[in-house]
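So the protein sequences, as listed, match chains A and B.
So that you can map any letter, position 54 of the first sequence is 123 in the working numbering, and since no number is skipped, the others follow by simple counting.
So that you can map any letter, position 17 of the second sequence is 86 in the working numbering, and since no number is skipped, the others follow by simple counting.
Possibly wrong hints are sitting among the right ones.
Identical copies look the same in the list; a pair holds intra-copy or inter-copy alike.
[Said to hold, decoys possible] Taking lysine-lysine and the DSS-like style, the derived pairs with C-alpha atoms no more than 30 angstroms apart in a straight line are: (1) Lys114 x Lys71; (2) Lys71 x Lys163; (3) Lys71 x Lys161; (4) Lys183 x Lys114; (5) Lys71 x Lys96; (6) Lys163 x Lys114; (7) Lys96 x Lys114; (8) Lys71 x Lys183.
These are computed hints drawn from the structure, not numbers from a lab.
None of these values were measured; they are calculated from a predicted model.
Protein chains: 2
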Amino acid sequence: MKFTYTGIRVRNMDASIRFYTQVMGMKLVLRERMEATGGEFAHLKSPASAQRLELNWYPETSPYCTPYSEGAELDHLAFWVRDVDSTLRDLKGKGAQAAVEPFSETGYRLAFVKDPDGIWIELIGRERRRRP
Amino acid sequence: MKFTYTGIRVRNMDASIRFYTQVMGMKLVLRERMEATGGEFAHLKSPASAQRLELNWYPETSPYCTPYSEGAELDHLAFWVRDVDSTLRDLKGKGAQAAVEPFSETGYRLAFVKDPDGIWIELIGRERRRRP
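Excised from the complex, chain A in its bound form (with noise of 0.2 angstroms):
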């Protein structure tokens, strides 16, 4: 038994898959129809990780089309990156709004963002020492 990945819900599949695409840099792995649900699914990888996120849209006839509420139990979807602060400034450049601006932590820095359903996406990397 083994974590494959992580579906998430998605409201608009397309938008989703060109924001995970194009501001993320994923690379769209398959998009395939439900046959249970009506619905549609894609799978979504980064080129240097194995970690998967799978995007899950359900149709309003769906009895999984329930109402997109917020809550609690998804955290976030964390980025490992080289540098927060020009990765962050890229991602906003690129139309991505910023949910927290970078900050550090015991060695590392962070930041965070929204993807097109509002979900929260950590940026994470080692703190870098700036020239004095």
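Following the hints, complete the assembly by docking chain B onto the known chain A.
Below, chain B alone, put in the same frame as chain A:
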């Protein structure tokens, strides 16, 4: 930039670590205090997978300790298994609560259990031909 883990929020760190290690067979990679929030986080992985799960716990004094509500963003966490039916029986024997009993779809066998906070966990494997 690469996707490195999914962070879920938990209400009881010890209970969740017990569930993900003793029931779901994951290994505890690290458990540390969060400087910024006064909380705690832990990383887990399955022995045969690089996929990481982060558990986050916040004390009542933390601004992140909002009411623990069910939301729509996190659809499920998926675990690949060899035999869905026998694994489900095994997990139930270890105290896991079934959310959806096993069913078949396009060559796959699926079932769902719940973690201690009610997060849906998918068991997925190839459909196994039963002897007539």
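### Query
For this structure, which hints from the list above don't hold up?
none
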